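Residue numbers (this note's numbering), protein chains in the order written: chain A, 85 to 424; chain B, 85 to 424.
Because the hints were derived from the structure by calculation, they are not lab data.
Honestly, I wouldn't trust all of these hints.
[To be verified] Pair ranges (Cβ atoms, derived):
| no. | chain 1 | residue 1 | chain 2 | residue 2 | range |
| --- | --- | --- | --- | --- | --- |
| 1 | B | 284 | A | 125 | 32 to 40 Å |
| 2 | B | 287 | A | 224 | 46 to 54 Å |
| 3 | A | 293 | B | 294 | 37 to 45 Å |
| 4 | B | 100 | A | 339 | 56 to 64 Å |
| 5 | A | 125 | B | 359 | 56 to 64 Å |
| 6 | A | 89 | B | 397 | 31 to 39 Å |
| 7 | A | 290 | B | 193 | 39 to 47 Å |
| 8 | B | 352 | A | 97 | 52 to 60 Å |
Since we're looking at a predicted model, the values are computed, not measured.
Virtual Cβ for every residue (Gly too), placed ideally from N, Cα, C.
There are 2 protein chains.
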Amino acid sequence: MTLVEAVLSGERLALARLLTQVENDTPAGRAALSELFPHTGKAHLIGVTGAPGTGKSSLVNQLARYYRRPPEGQAPRRVAVVAVDPASPFTGGALLGDRVRMRDLSGDPGVFIRSMSARGSLGGLAPATGGLVEVFDAAGFEVILIETVGAGQAEVDVARLAHTTLVVEAPGLGDDIQAIKAGILEIADILVVNKADRPGVENTERALRGMLQLAHPVDRSSLHHGRMVELPVATGNPEPAPAWETPIYRTVATEGAGVAELAAAIQRHRDYLTSSGGWERREHARLQHELDAILQVALIARWRDSVPAGRYQEVLDRLLSRRLSPHQAVAALLDGDLAP
Amino acid sequence: MTLVEAVLSGERLALARLLTQVENDTPAGRAALSELFPHTGKAHLIGVTGAPGTGKSSLVNQLARYYRRPPEGQAPRRVAVVAVDPASPFTGGALLGDRVRMRDLSGDPGVFIRSMSARGSLGGLAPATGGLVEVFDAAGFEVILIETVGAGQAEVDVARLAHTTLVVEAPGLGDDIQAIKAGILEIADILVVNKADRPGVENTERALRGMLQLAHPVDRSSLHHGRMVELPVATGNPEPAPAWETPIYRTVATEGAGVAELAAAIQRHRDYLTSSGGWERREHARLQHELDAILQVALIARWRDSVPAGRYQEVLDRLLSRRLSPHQAVAALLDGDLAP
Numbered sequence: 085m086t087l088v089e090a091v092l093s094g095e096r097l098a099l100a101r102l103l104t105q106v107e108n109d110t111p112a113g114r115a116a117l118s119e120l121f122p123h124t125g126k127a128h129l130i131g132v133t134g135a136p137g138t139g140k141s142s143l144v145n146q147l148a149r150y151y152r153r154p155p156e157g158q159a160p161r162r163v164a165v166v167a168v169d170p171a172s173p174f175t176g177g178a179l180l181g182d183r184v185r186m187r188d189l190s191g192d193p194g195v196f197i198r199s200m201s202a203r204g205s206l207g208g209l210a211p212a213t214g215g216l217v218e219v220f221d222a223a224g225f226e227v228i229l230i231e232t233v234g235a236g237q238a239e240v241d242v243a244r245l246a247h248t249t250l251v252v253e254a255p256g257l258g259d260d261i262q263a264i265k266a267g268i269l270e271i272a273d274i275l276v277v278n279k280a281d282r283p284g285v286e287n288t289e290r291a292l293r294g295m296l297q298l299a300h301p302v303d304r305s306s307l308h309h310g311r312m313v314e315l316p317v318a319t320g321n322p323e324p325a326p327a328w329e330t331p332i333y334r335t336v337a338t339e340g341a342g343v344a345e346l347a348a349a350i351q352r353h354r355d356y357l358t359s360s361g362g363w364e365r366r367e368h369a370r371l372q373h374e375l376d377a378i379l380q381v382a383l384i385a386r387w388r389d390s391v392p393a394g395r396y397q398e399v400l401d402r403l404l405s406r407r408l409s410p411h412q413a414v415a416a417l418l419d420g421d422l423a424p
Numbered sequence: 085m086t087l088v089e090a091v092l093s094g095e096r097l098a099l100a101r102l103l104t105q106v107e108n109d110t111p112a113g114r115a116a117l118s119e120l121f122p123h124t125g126k127a128h129l130i131g132v133t134g135a136p137g138t139g140k141s142s143l144v145n146q147l148a149r150y151y152r153r154p155p156e157g158q159a160p161r162r163v164a165v166v167a168v169d170p171a172s173p174f175t176g177g178a179l180l181g182d183r184v185r186m187r188d189l190s191g192d193p194g195v196f197i198r199s200m201s202a203r204g205s206l207g208g209l210a211p212a213t214g215g216l217v218e219v220f221d222a223a224g225f226e227v228i229l230i231e232t233v234g235a236g237q238a239e240v241d242v243a244r245l246a247h248t249t250l251v252v253e254a255p256g257l258g259d260d261i262q263a264i265k266a267g268i269l270e271i272a273d274i275l276v277v278n279k280a281d282r283p284g285v286e287n288t289e290r291a292l293r294g295m296l297q298l299a300h301p302v303d304r305s306s307l308h309h310g311r312m313v314e315l316p317v318a319t320g321n322p323e324p325a326p327a328w329e330t331p332i333y334r335t336v337a338t339e340g341a342g343v344a345e346l347a348a349a350i351q352r353h354r355d356y357l358t359s360s361g362g363w364e365r366r367e368h369a370r371l372q373h374e375l376d377a378i379l380q381v382a383l384i385a386r387w388r389d390s391v392p393a394g395r396y397q398e399v400l401d402r403l404l405s406r407r408l409s410p411h412q413a414v415a416a417l418l419d420g421d422l423a424p
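Given the sequences, and given the hints that come with them, work out the whole structure.
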């Protein structure tokens, strides 16, 4: 049995091994991803982001527990958690800790938790995150929770990757902290005020509501900036779907309060995406983004291989001595024009 | 007189116009940048970054004032401020406000303040920031303060751009907020605890000192990830320069307290860079990064022009229907291999 077959048949050790291959972007990992790819596209990808101290990890735990032990009449779903830690460049270790978690779910074969470091990604998600998610999707995990600390690019990346994005806030993190985060409304499908038993919860919720009122609904597929090729918009259905209105939920994750209601809202968002065509649009945007990213790396690698050794250095030297400007240097590299 | 000549001769209106051209990346702006480029390389680029609420803007104001009105015996220097605002995608406006500032310096021809929005840059600095800095440099501004809100990619970008990077903290922003920021030590040449008259200043300074002790000194030119071409390291001087030890300064910017000491530390850092070869290394890394960024955009544009219309869409369709994996799709686009 190959590693891929073992993963498809549900072997956990094989899954763990393949995740490592994919995280390290090995040739075997890439080949396995291509083999698994036809099996992907079924999982509900849920991004969970927010500032440190908002209790994201506890909330993710509670959601996982809920999906494993749903109310009477609903089937449990297999849950994967991809926790992306911002890493210290010095210690190499994760800063968040708290990876010894969900003890009450340990031993449950329907749960798999994977922490990865965002080290080297300079503020965004680790490039391998999308690959890990594809492995879990192919391996039959129906819900994939992708947890990341809210910090600029990582938030945008997770919203690109997920179908449904939760942005978690908590009372008392300071008004100016809130203020800077107006941009996150662009990515939030559902806002969660966790630690809602703390004083100040009304203020936090009011601030969020105020921001939502300022905001116009945006089609989040516009997040897909920088496409390599701009495609015409499909015109099959000229009627715009009713816009999703970002709801605000209160939770106390440590006690599980509000988690069932939040899970119901996540389900409503999924239903909304499915009925409005949003699910397909997000899949489309995500895969096109992945294609573009890989294509970009490949184009650069090919160009590099095509340039005579020493040519780049020669042009760079002229740039450093300010005989060529950056734009002139690029023209020189691409057209061999060293005129000035 | 051309616009470039007018800028070189110090005309403020011409400068403002050219900055707009460069910010909008117009053909005229690009041509002007190439013309101005030989005049660059003299300014001291100082990045100032930190969370909202730390008082960065006030500190930048005070530094500008200090450089304009230095102590007896020192010459005033011309100062430009590039303030990069994170913009709300909804209002389009800057979130920080506070752009009506430095009233006491208004009318001083030796100061020029330019605000720009980071909108569209998805978490990083606006791509035009480097161009604006080059214009100011060519126009004879000796100190260029680049102010940006500390948020992941923007911090890394500003550290790439600047010779000297100040990271500003303030007491009472919460311990978990501090914790997440361990990564910023990688970019800080000087740490500033502003609002140092507030309670908790000792705790903040202690936390920073603790992080510094954990940290090993790193050559910041390693920040220049993702070079298009890796060059051998110059071996002219095999002795490593003594490492710069990141100092911590306390300031109360609203009262100007500690600003002279901070300015002296900035000068020491400049002297350190000059004597250790670090100045050249940073110039080198910055220009190579700029070259690579422009080259990347140009390579993609060329590739796009070389692909038959409809080809990208054809491959994308196969990807979306999961007949091709992302890596297979890239191979199909580059090699025309549609085998699977």
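Hint by hint, here is what the structure shows:
1. B:284 with A:125: 32 to 40 Å: violated, 50 Å
2. B:287 with A:224: 46 to 54 Å: At roughly 48 Å between Cβ atoms, residue 224 (chain A) and residue 287 (chain B) fall inside 46 to 54 Å, so the hint holds.
3. A:293 with B:294: 37 to 45 Å: Holds, at about 39 Å.
4. B:100 with A:339: 56 to 64 Å: holds, 57 Å
5. A:125 with B:359: 56 to 64 Å: 58 Å Cβ-Cβ, so the 56 to 64 Å window holds.
6. A:89 with B:397: 31 to 39 Å: holds, 33 Å
7. A:290 with B:193: 39 to 47 Å: holds, 46 Å
8. B:352 with A:97: 52 to 60 Å: holds, 55 Å
The structure fails to meet hint 1 from the earlier list, while all remaining hints are met.
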